[in-house]
Each structure stands twice: as C-alpha cells, then as structure tokens.
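Spelled out from the first residue to the last, the chains are:
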Amino acid sequence: DTGVSQNPRHKITKRGQNVTFRCDPISEHNRLYWYRQTLGQGPEFLTYFQNEAQLEKSRLLSDRFSAERPKGSFSTLEIQRTEQGDSAMYLCASSLARGLSNYGYTFGSGTRLTVV
Amino acid sequence: GENVEQHPSTLSVQEGDSAVIKCTYSDSASNYFPWYKQELGKRPQLIIDIRSNVGEKKDQRIAVTLNKTAKHFSLHITETQPEDSAVYFCAATPGMIKAAGNKLTFGGGTRVLVKP
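Chains E and G are the protein sequences, given in the same order. FYI, this note's numbering numbers position 22 of the first sequence as 22, with every residue one higher than the one before it. Count along the second sequence from 1, then add 116; that gives the number in this note's numbering.
Read the hints as simulated data drawn from the structure, not as lab findings. Being a predicted model, the structure only gives us computed values, none of them experimental. Just so it is clear, CB atoms sit at the ideal spot from N, CA and C, and this is done for glycine as well. Do not take every clue at face value.
[Claimed, not checked] Below, in silico cross-link-like pairs of lysine-lysine (DSS-like), each with a Cα-Cα straight-line distance of 27 Å or less:
id	chain 1	residue 1	chain 2	residue 2
1	E	K71	E	K14
2	E	K57	G	K158
3	G	K184	E	K11
4	E	K57	E	K71
5	E	K11	E	K57
6	E	K14	G	K184
7	G	K158	G	K173
8	G	K184	G	K138
9	G	K184	G	K231
[Unchecked claim] Partial chain G-side listing against chain E, Cβ under 7 Å, derived:
id	residue
10	R159
11	F205
12	G223
13	P232
[What the hints assert, rightly or not] Away from chain G, derived, C-beta distances all over 12 Å, residues of chain E:
id	residue
14	N18
15	Q41
16	E52
17	L55
18	S58
19	R59
20	S62
21	D63
22	F65
23	S66
24	E68
25	Q80
26	D86
27	M89
28	R112
Pulled out of the complex, with its shape left as it was, chain G reads as follows (with noise of 0.2 Å):
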C-alpha cells in the first residue's frame, strides 16, 4: 500500500518568512495530493491539493509543487502570518475510482509555528 514521508516534523518561521513542507510517497497510482491544515481540537481542513496532471498550483500565499518522477510534493507558505500556526498534513491517493476507494494516506504531519 502506499506510504507518505512528510517532513520537517516541526518548523518554527518568523512571520513574513516562508514555510516548505516536504512530502515523499511510494505508490506510483497515486494521482491525488492534498494538504490539509488541522488547528489545535478542530477538524482537518483541505487547504490546497493538486493532481498528477499539473506540476504546480497556486492560491495567494500557498502554492503546491509536485515531482511525480521523484515521488515528492511540497507545500509552500509565503509572508507568514500568525494564524498560518497549525498542523499540516500532506496525504495521497489514487484518484480514479477503483477498490481502493480513495482513501487518503497522510503524512505524520508537521506542526508549523510562526513567530510574531
């Protein structure tokens, strides 16, 4: 089955810096990869996601990269701010529809905390 690496595990940044989270997968079917962001007692949030077709995908301070060669995507946070402070979780899966039913794999989550 599939098996998504995320690292760092946590990353503190100043607010205004950038903030990159790595993602490693090993499923080759996977085609789907979205990013959700988890506040502390809250449910995980879809924040951005992209599919194997395109190799970068943006929304104002976030964007997405991924290598499909390689198996790694990426989740880029521009201009920090306070409130950007949460848990991310990268996760794949296959997108078609088969027995694998899309269920997301999750990365181990990284805890981001920007500084004031």
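This is chain E alone, in the form it adopts within the complex (with noise of 0.2 Å):
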C-alpha cells in the first residue's frame, strides 16, 4: 500500500457535465475527508467519512456535490452540473481514528478539475 490513491489526475470538463473523482484510501485507514484547494489557497474541508458514515458536510459542498464510502473503502466524489466556479484541486485524505487519537493524516496528490 503505496497511500492514498486519487484518479483521475486532471479532468477537464464543459459547464454542466456531471464528472465523479475517486479516492482509494490506506487500507488500514477507517476516516476519509475531502477537501478542495483553488490556487494559492489552503485546502478547505468538504466532507469526511469514518468508515462507510458520512459523518460531518461543510456548507461549501452544495446540493450539486456528493460524496460515497459505501463499503468504507474508496470514495467518490460527484459534482453536477459543473459551473466554472468548481474548477480547483480536490484532495483525499485518510487517517486512522483510535481511541482518543487520530494518526497518520495522509493526503493523495489531487484531482486537477477544469471545468471550460
């Protein structure tokens, strides 16, 4: 297990398609979280995920965004109806949450959405 997995790399995408972006997680890792980073930004939280459970939605993630975990493995994240305002960097992170700790928060390399 090589960390966390995101495809695909770049997606270039017409205002109003639906496009889907996937996360494979560390194996081992029970929480999942989405974020989404614009140029020269701090990644912004989205969604996460502790096992199969879609535990907390930020106010940034409209009734055109939506999230899976439905085996608690991988993830996807859907957009439709793309508007140009969705085009940036969505991340993947995973951890391990045990006890009263949270370890190795790790992210993927990203997905690079255009949206023309």
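Assembling the complex is the task here: the two chains are given apart, and the hints tell you how they should meet.
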C-alpha cells in the first residue's frame, strides 16, 4: 500500500456536465476526508467519512456535490451540473482514528478539475 | 468554527538564512497543529506537527513552537536550502475524537523562495 490514491489526476469538462472522482485511502485507515484547494489557497474541508458513514459536510458542499463511501474503503465525489467556479484541486486524505487519537493524516495527489 | 491565519503570504530568503512562518488560530479546543509542505503540483506532505501538551518540537532543521495562551504557533526553518522552496501550510484541529472529526482547518499558505 503506497498511500492515498486519487483518480483521475486531471479532468477537463464542459460547464453543465457531471464529473466523478475516486479516492482509495490507505487500507487500514477508517477515516476519509475530501478537501478543495483553489490556486494560492489552503485546502478547504468539504466532508468526511468514518468507515461508510458520512459524518460531516461543510456548507461549501452544495446540493450539486455528493460523496459516498459505500463499503468503507474507496470513496467517490460527484459534482453535478458543473460550474466554472468548481474548477479546483480536489484532495482526499485518510487517517486512522483509534481511541482519542487520530493518526497518519495523509493526503493524496489530488484531482485537478477544470470546467470550461 | 476554527479560523487559522498565516503570515507572511510570501517569504524570500537567502540560502543558509532562517525562515519563520507564523499562524494564529481561534478555537481554544484545537490541540493538534501540523505543518505541511506542498511543492508545485504535488500533494501536501506533513513535515512536522505539535500537540498542545508540548511547547516546542524540533526535527533536524525544522522546529515548531506553540503558545496556547496567545493561540499562535510558528514554523522555523534554519540553514535554508533551495529544496526548501515550496508552499507551507499550517493547520489546526481538535485532537480528540468528537463530532468535529479532526478535520484540519488550514491557513492560507506561505510561498517560500530560497535564493541560492
């Protein structure tokens, strides 16, 4: 297991189209997070899962965004009816939450979305 | 929620000099403070972190200090080298497992340029 894997690395889509990204976390990690990063800014939290349960969603996550983690392993992030403002790097991270601690918070390389 | 401010936004130093980046946070519940280095087009990578029960931590040329009373923490890089050139992000989170889910709140980033 070489880390958090995200696919695709790049996606160019026309405005109004739907896109889906995939994240494969480190296998033993039970938490999975999605972040969005625009140029020159720090990553912004979108949502996170503990196993298959989606436990928190940011107000940044409009109703056009949906995320799933059906079997508690990989996760998908779908954006419907894309807008130019959705252009960003979408980062996934995973960690192992155990007891009162959270270990090994590791990011993937991200999916860069360009909406034209 | 948590708000993290980071300064400066850009920092240019001569090779061999020191670089200092400062962050402030707003949520007194935050007790875990990681620092990430992000090179162009790559994933954020954890370089050092500190927990609230420690005031200072050092790893070779990198050190982090934390002042919980003032709610600020700083990254210190000594003997800078050209390969230290990157964007650095500070982050904060409540370290205990609770509804916040340990999501990281990031600062806006500091672009560090080390001139040979």
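Exercise. Just pull the numbers of the violated hints for me, sorted ascending.
Key: 1, 3, 6, 9, 13, 15, 17, 18, 19, 27 and 28
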